[in-house]
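So the sequence lines, in the order shown, correspond to chains H and R.
Heads up: the first sequence is residues 1 to 292, going by the numbering used here.
Heads up: the second sequence is residues 1001 to 1188, going by the numbering used here.
These are calculated hints, taken from the structure and not from any lab test.
Where hints are given, some of them may not hold.
Stated by the list, open to error - Pairwise CB distance ranges (calculated):
| id | chain 1 | residue 1 | chain 2 | residue 2 | range |
| --- | --- | --- | --- | --- | --- |
| 1 | H | 50 | R | 1136 | 39 to 49 Å |
| 2 | R | 1075 | H | 190 | 41 to 51 Å |
| 3 | R | 1078 | H | 8 | 49 to 59 Å |
| 4 | H | 206 | R | 1121 | 43 to 53 Å |
| 5 | H | 45 | R | 1134 | 50 to 60 Å |
| 6 | R | 1136 | H | 236 | 42 to 52 Å |
| 7 | R | 1122 | H | 1 | 44 to 54 Å |
| 8 | H | 24 | R | 1017 | 20 to 30 Å |
| 9 | H | 121 | R | 1097 | 31 to 41 Å |
| 10 | R | 1121 | H | 84 | 51 to 61 Å |
| 11 | R | 1122 | H | 2 | 26 to 36 Å |
| 12 | H | 190 | R | 1033 | 26 to 36 Å |
| 13 | R | 1116 | H | 223 | 53 to 63 Å |
What the hints assert, rightly or not - Which bits of chain R does chain H cover? Going by a derived footprint, with three or more residues having C-beta under 8 Å, they are:
| id | stretch |
| --- | --- |
| 14 | 1011-1022 |
| 15 | 1032-1044 |
| 16 | 1058-1064 |
| 17 | 1123-1131 |
In this text, a Cβ means the ideal position worked out from N, Cα and C, and glycines have one as well.
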Amino acid sequence: MQIPASFDYVRASTVDDALELLARHGPESRVIAGGHSLLPMMKLRLARPEWLIDINDLFELDFILLDGDRLRVGALTRHTALLESTEVARLFSIISDAEAVIADPVVRNRGTIGGSLCQADPAEDLSTVCDVLRAVAVVRGPGGERLVDMNDFHRGPYETAVAPDELLCEVRFPVRPRSGSAYEKVERRVGDWAVAAAGAAISLAEDGSVEAAAIGLTALGLDGTVAEAEAVLLGRQPSEELFVEAGRLAAIACDPVADQRGQIDYKRHLADELTRRVLRQACARAAQTQEG
Amino acid sequence: MQISMTVNGNEVTSEIEPRVLLVHYIREVLGLTGTHWGCDTTNCGTCVVLMDGQPVKSCTVLAAMAAGHDIRTVEGLAAGATLDPIQQGFMEEHGLQCGFCTPGMMLTARALLDKNPHPDDIEIRKAISGQICRCTGYATIVRSVQWAAAHPAAAAGAAGEGADEVLDGTDTVVEDVATETQDAEVKA
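Let's have the full structure, built from the sequences with the hints guiding it.
Next up, the structure:
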């Protein structure tokens, strides 16, 4: 039987209340939202917080809002809400693609975007999605609010820029015209972590050439996006040859480890193939918005 | 700490340790052992209960986190002696062999039908994709859910042989359920 070590539990009623509780209880306190990453770690005693601060009542952090040229998503937004949002599907297909393969439908009812990003598991899908969409994290702490680019947000496995006395409140996704995005994952079975996954976002210029490109890889030992593969796309007309070249560069750039989910060669092959597929899909979707 | 929540329509209050998981609270404190405790790792889904109408894996929710919420377990499916159509469907279509996954499967199916009264097979398979049946009974589980979708008012007595046994002497309950079902249809 897996039971967490003892802890004290308190529910926050507002963001300010949560910040005050974090300040009062110090670094041995942890915020819990969906709990589907933290509770398993606590059951295995890999995490032993002294205090759990439950933020599930912070309805102010549960929203999906189109605000000018950015989509604002509250940190407490559940995976299910992201998957079912027509606004998200219209603007950022990559989020819908990823959400459909994150864990399973029952887990998605609880898990949150903020929890996924703060857990920062190297095989976590939304970290890649946020990298690719050049998202900005809104983090609040005792000193007020600060904006953190995804490059600065990730600090390595299970580590982020969010300090122990801070709370991730929101993720902002810039909306760009003539854009398309896609995500594809290979997993051994529903709900498992990715063997490998890739995501891409493409913006096209008016002449149909690639104006901006972002390619991210999940569970393949890569920090940030695949700059070499992105560079080769810029200014070029989307084509199968171009996707093949980008896939080749992605396979070289990644640094997978062999584990029970696959050997290095296989994972590099996936980096190549999945990069091609998501680029093909993202470009097709971007072209569709142009026609529409 | 003291927690209160609604379980199958009843208000319950208990003194618990914060680390008690919802599945253990339901089984050991409330004595509702219809909720099964399986893998302990959020994989198998036999511990699924409905929290505010949504399926959740109760091995990965603290009882403290469920405080103030509305919980429904498999014991809350039937109305008195009248089975929920989903339970009837599992009987009619042989939706279980060993029965270990059944409570979670039925609750997820109930939530699916409440949201989508006429799912296709793919939608049913997706809905139960976070739950494991090791008797490999998925085909019959899907058929059971389809049976329930086709018989939303099954509890009113149109269910065939199996239903007669469970409807004995509970006329008023049957009426209530029939009315509720109709209301649900109107809303949908």
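Item to check | Hints breached by this structure | outcome: 2, 3, 5, 7, 10 and 13
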